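Trainee: Protein chains in written order, with the numbering used here: chain A, 1 to 115; chain B, 1001 to 1115.
Careful: at least some of the hints might be erroneous.
As the list claims (entries may be wrong) - Think about it this way: if two alpha-carbon atoms lie no more than 27 Å apart in a straight line, the pair counts; the simulated BS3-like pairs of lysine-lysine are:
#: 1; chain 1: B; residue 1: K1056; chain 2: A; residue 2: K22
#: 2; chain 1: B; residue 1: K1077; chain 2: A; residue 2: K22
#: 3; chain 1: A; residue 1: K41; chain 2: B; residue 2: K1077
#: 4; chain 1: A; residue 1: K40; chain 2: B; residue 2: K1077
#: 5; chain 1: A; residue 1: K71; chain 2: A; residue 2: K36
#: 6; chain 1: A; residue 1: K40; chain 2: B; residue 2: K1052
By construction, these hints were calculated from the structure, which means they are not laboratory data.
Since the structure is predicted, the reported quantities are computational estimates derived from the model, not experimental observations.
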Amino acid sequence: DTAVSQTPKYLVTQMGNDKSIKCEQNLGHDTMYWYKQDSKKFLKIMFSYNNKELIINETVPNRFSPKSPDKAHLNLHINSLELGDSAVYFCASSQATPVGGETQYFGPGTRLLVL
Amino acid sequence: GDSVTQMEGPVTLSEEAFLTINCTYTATGYPSLFWYVQYPGEGLQLLLKATKADDKGSNKGFEATYRKETTSFHLEKGSVQVSDSAVYFCALSEAGGTSYGKLTFGQGTILTVHP
């Protein structure tokens, strides 16, 4: 029973294409996140949704558009893919509150390679 | 803004050696502090955490103490095993406001343990 799942696991595509990555969590959490991990392993948050509402939107090109159809799903759509978008994208979820300190649970990652 | 700095890697040790990975942070408020571990080809999983000053987090023989006076959260293990080979991330999340559990990560430290 995977807690946070992502599809696809690997994605190889050409520059200029549009692609989507899907994320689902079965933990009953209210908050979901997308992180990007670059080739040097550095992780940076991109977006966060709480109960389907966008609450964090870091400085990300508007070619990236998250969508949360319900609180168990957070998808990431990328338009006009560029070489620099090649990375590993991680979805995570938590029962986040304003108090802080809650554990985030990560998916296995989607390895995107743009050729 | 918030930031986390980890010791430069990679770190290579022999089995049963003592491990220290240094982590210092800069934050505007009173963050929670975390160590996450990423095994090869996998997503991140929580190793341990501490939510207030002087708290000690521990798990699987790893320990870290939240030191507010030195803004540090160094990871230690008395005797490493080959199975501890992974990438270790120090991270913080701020309480309150619009942070909603957003994690700010250090750059990661690659640990390799040889038999």
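Trainee: Compare the structure with each hint and give your call.
Mentor: How the hints compare with the structure:
{"no.": "1", "hint": "B:K1056 with A:K22", "in the structure": "violated (36 Å)"}
{"no.": "2", "hint": "B:K1077 with A:K22", "in the structure": "violated (37 Å)"}
{"no.": "3", "hint": "A:K41 with B:K1077", "in the structure": "holds (23 Å)"}
{"no.": "4", "hint": "A:K40 with B:K1077", "in the structure": "holds (25 Å)"}
{"no.": "5", "hint": "A:K71 with A:K36", "in the structure": "holds (21 Å)"}
{"no.": "6", "hint": "A:K40 with B:K1052", "in the structure": "violated (30 Å)"}
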